[in-house]
Amino acid sequence: MRCPHPRGPLSTMVRGSLLRHAELDLDAFTRRADAVPRAHVLRDGDVQLALWTLYELHFRGFEDVSADLEWDPLLLGARGVLECLLERDLRRRTVERVQGALDADGPVAERIFDMVAADDGPRLAAYLHREATAAQVVEFLRERTVFHLKESDPQSLVLARLEGRAKTALAELLYDEFGGGRPERLHASMFADSLVGAGLESSYGAYLDEVSGTTLAVNNAMSLFALHRRLRGAAMGHFAAFEATSSVPSRKIAAGIRRVGLPEVVAAYFDEHVEADAVHEQLAVRTICATMVEEAPGLEADVFLGVATCLLLDGLAGGELLERWRASGSSDGPVEQVAS
Amino acid sequence: MRPVPSGSPGDVVAELCPGGPMLLRGVSAVRDEHGELHEATRPVVAVCMCGRSQRQPWCDGTHKAVRSTRRG
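Residue numbers (our numbering), protein chains in the order written: chain A, 1 to 340; chain B, 1 to 72.
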């Protein structure tokens, strides 16, 4: 993957620095970042792409960027500025859900499941199941490439920060995510097979330039939580909510894929997640999160922050897709015709 | 949930999740009530306990719909 095309001043400054065109001016970068309206942070393509690019230095990197830049102090400074924006916005938008969970009675695991059950976000999976056109299903897969082609990679960074039972459970979960010893069962590889089946590019980052700022924010939140030890509670709360919102939607998405006539291999990835995530949600909610809070009660609020963040961002990303399809339908006739 | 005492490496410990499935670690297959054997393809499997899964004998998360109905 090559360094992505910039979407505005911040991602231009990051790209310029990564390609060694110009040293990053951290003061100018900070001023630019401070000027971003708070309400726009999560969907601002420039902010989110700049941060995604900086995070990617810690994952696969870019073929046209020197690996030495991963720990460059100026770039880490720029990353910190954007992380501050993101974390502040996530905390602001989730404060009510987090407080509600803190005030509720009952075991931590039940409160996490209750937060998930109470979520009334947009019904993206239901739409994909019953109504989406083949083109819309393919568009959904393209948006998801950013996440699924590096599935569970951010969470693997948290393993070294856990102990005892929570660590064992995360290792068990990750072993399954990473194929259980079989490379062809790596979830990221299975998704790549799905993409090929749907006629899409399966290379890492292939659709980076076209995915929305919100989609990048979904992924940035995972990296933010996973790369900071102080946020390990949020990382695992996020992971738990992600797993707990996967099994039933995956079943609907697989059915939708079959309904629009895409090849079986496209649905296979989602089939796998129906059963896998029914296991993973129990491990993540009960064994990882509940144990972490039992052993370190101070992590409770951050676990709920992670849960609420996952629900918030999934809702925003799903709502954005539905809105895009609705808008194209209303301006150009029925959605089915426009997207076919 | 308290940690279960660890047995010898060959032991299988079933874990019942409140309102959810039964987790089984290290089993090679589960035989359903009709005698049919279902291969376990992952290190931990979740067996449906609510009877509503569409992927018997495995859990598919449907118990959560049962749970939200019960909770009103």
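FYI, nobody ran anything at the bench for these hints, they're computed from the structure.
The structure displayed is predicted, hence computed values, not measured ones.
Among these hints, one or two may not hold up.
To be verified - Pair ranges (Cβ atoms, derived):
# : chain 1 : residue 1 : chain 2 : residue 2 : range
1 : A       : Ala126    : B       : Arg31     : 29 to 39 Å
2 : A       : Asp103    : B       : Ala29     : 22 to 32 Å
3 : A       : Glu163    : B       : Val66     : 39 to 49 Å
4 : B       : Val27     : A       : Ala118    : 30 to 40 Å
5 : A       : Tyr175    : B       : Ala65     : 44 to 54 Å
6 : A       : Ala327    : B       : Thr41     : 12 to 22 Å
Note that beta-carbon positions come from the ideal geometry of N, C-alpha and C, so glycine has one too.
So, going through the hints one by one against the coordinates:
1. A:Ala126 - B:Arg31: 29 to 39 Å: At 35 Å between Cβs, range holds.
2. A:Asp103 - B:Ala29: 22 to 32 Å: Distance hint for A:Asp103, B:Ala29 is violated at roughly 45 Å.
3. A:Glu163 - B:Val66: 39 to 49 Å: 35 Å, violated
4. B:Val27 - A:Ala118: 30 to 40 Å: 34 Å, holds
5. A:Tyr175 - B:Ala65: 44 to 54 Å: With Cβ atoms ~29 Å apart, the hint is violated.
6. A:Ala327 - B:Thr41: 12 to 22 Å: Violated: the Cβ-Cβ distance is about 42 Å, outside 12 to 22 Å.
Hint compliance for this structure: hints 2, 3, 5 and 6 are broken, all remaining hints hold.
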